[in-house]
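J.: Position one of the sequence shown corresponds to residue 1413 (the numbering used here), numbered consecutively onward.
These are computed hints drawn from the structure, not numbers from a lab.
Check the hints yourself; a few may be wrong.
Claimed, not checked - Simulated crosslink set (DSBU-like; lysine-lysine; CA at most 30 Å straight-line):
1) LYS1486 with LYS1507
2) LYS1524 with LYS1486
3) LYS1524 with LYS1507
To be verified - Have a look at the derived ranges for each label pair, beta carbon to beta carbon:
4) PRO1475 with LEU1537: 33 to 39 Å
5) PHE1498 with GLN1530: 21 to 27 Å
6) SER1424 with VAL1482: 15 to 21 Å
7) ILE1536 with SER1449: 22 to 28 Å
8) ALA1494 with GLU1469: 27 to 33 Å
9) ALA1472 with ILE1536: 31 to 37 Å
10) ILE1536 with LEU1489: 39 to 45 Å
11) HIS1431 with ASP1496: 19 to 25 Å
12) ALA1513 with ASP1479: 17 to 23 Å
We treat Cβ as the ideally placed atom computed from N, Cα and C, and that holds for glycine.
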Amino acid sequence: MTGPSWRTLTVSLSWLANHFLDLNSIPSSSFFSSLASLHHISHIQQEDDSVDSGSNELRARLPLEYDRLVELSKAILDLNDAEDLFDYVYRPRRKVIEVLADFPATARFLLKPTAWLQVLPGPILSRPYSIASPPPWHLDSEENFASRRV
């Protein structure tokens, strides 16, 4: 008797967004360069109809969003761009999901699974300072302490 194969398991994008991808992390400059690279990938694959560039309004936003993403991705190279990245991301503590909302035309390119696998951040990391994710030994010691008091 064999269990289900990993090849037969299907996972939806909403499940990944809620339980796996760390969309509440703070994006780095490499995240912006990955988003900017989606523009080049979309121009190469323009004959593919599975990702529509959307309305005329979104099409008009594409060059503007691309220029802004390139500026934010150059933060490693230039001090002025580093200040711009700091003012846009770190000062207001902007999250990945908020950045995607600020760039709606670019975020539409993430409808293809190959695109969002390359761009979106990895798995949600446990936060050692959070009470929701203490180390396992910490929970055991509190339970043992509580059971000794009774």
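J.: Each hint: holds or not?
T.: Structure-based check of each hint:
no., hint, in the structure
1, LYS1486 with LYS1507, "19 Å, holds"
2, LYS1524 with LYS1486, "26 Å, holds"
3, LYS1524 with LYS1507, "21 Å, holds"
4, PRO1475 with LEU1537: 33 to 39 Å, "35 Å, holds"
5, PHE1498 with GLN1530: 21 to 27 Å, "25 Å, holds"
6, SER1424 with VAL1482: 15 to 21 Å, "32 Å, violated"
7, ILE1536 with SER1449: 22 to 28 Å, "24 Å, holds"
8, ALA1494 with GLU1469: 27 to 33 Å, "31 Å, holds"
9, ALA1472 with ILE1536: 31 to 37 Å, "35 Å, holds"
10, ILE1536 with LEU1489: 39 to 45 Å, "30 Å, violated"
11, HIS1431 with ASP1496: 19 to 25 Å, "33 Å, violated"
12, ALA1513 with ASP1479: 17 to 23 Å, "18 Å, holds"
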